[in-house]
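**Q** Sequence:
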Amino acid sequence: MSAPDTPRFPLVFLDRLRMATDGQGVTALVGAYGCPLSCRLCINPYTWQEKTPFEWVTPAELYDRVKQDNLYYLATGGGVTFGGGEPLCHAAFIAAFREIAPKEWHICAETSLHVPADNVRTAAGCVDHFFVDIKDTDPAIYEAYTGRDNASVMDNLARLLAFAGPDRVTVRVPLIPGFNTEEDRARSLDVLHRMGVVRTDLFRYRVPTNS
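Quick note: the sequence shown uses this note's numbering, first residue 1, plus one each step.
Just so you know, the hints here were simulated from the structure itself, not pulled from any lab data.
Keep in mind that this is a model prediction, so the values were computed, not measured.
Be aware that one or more of the hints could be misleading.
Said to hold, decoys possible - Below, in silico cross-link-like pairs of lysine to aspartate or glutamate (EDC-like), each with a Cα-Cα straight-line distance of 20 Å or less:
(1) Lys67 <-> Glu55
(2) Lys103 <-> Asp69
(3) Lys103 <-> Asp64
(4) Lys103 <-> Glu61
(5) Lys67 <-> Asp15
(6) Lys67 <-> Asp128
(7) Lys67 <-> Glu104
(8) Lys67 <-> Glu99
(9) Lys103 <-> Asp128
Can you build the whole structure from these sequences, using the hints too?
**A** Right, dumping it as structure tokens:
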């Protein structure tokens, strides 16, 4: 039985043995239920819809489910990637998981950074690499797409770069049809580079069409 103050994670999915898609090597993608954003083209909308089933797990319970892949992680430099949903809403859980997982495991997080500043500080102390989905740095474009303001996101990105260092942060800068343009993305890249971002991932959203 776990202690009453043991952090728990709202697990909505666990996808094991992924290869070079969520960090280096073989990874397990651990999805959190819940997200503060309502992105128009969210690829995992079930992670924030009210009727989605999920379970609360402790760090030890999650470790028991992924430890069987230890040899794959060690051989490839992989490990566990927390996504969702917004995993940094549960930064204390990730910190507790890091304490019991083998130190050789590479721990990553895929995040919007739309979380309290203290969570960013906690995560910077236990996550090896961050994939930050910045959407667009323009406040109007960001709000039109996510339904939220991006002021705290930009502040948290600056904090993360300071706490973790730019080599541990990859910022994803998508081209989102109907929301931003190549010129908008170029402006975002300029803003990010001036902030100290050195690693970026550029891609285009695929918008489903009815055939």
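**Q** Against each hint, give a clear statement of whether it holds in the structure.
**A** Each hint, compared with the structure:
no., hint, in the structure
1, Lys67 <-> Glu55, "19 Å, holds"
2, Lys103 <-> Asp69, "14 Å, holds"
3, Lys103 <-> Asp64, "16 Å, holds"
4, Lys103 <-> Glu61, "18 Å, holds"
5, Lys67 <-> Asp15, "13 Å, holds"
6, Lys67 <-> Asp128, "18 Å, holds"
7, Lys67 <-> Glu104, "12 Å, holds"
8, Lys67 <-> Glu99, "14 Å, holds"
9, Lys103 <-> Asp128, "11 Å, holds"
Of the hints listed earlier, there is not a single one the structure fails to meet.
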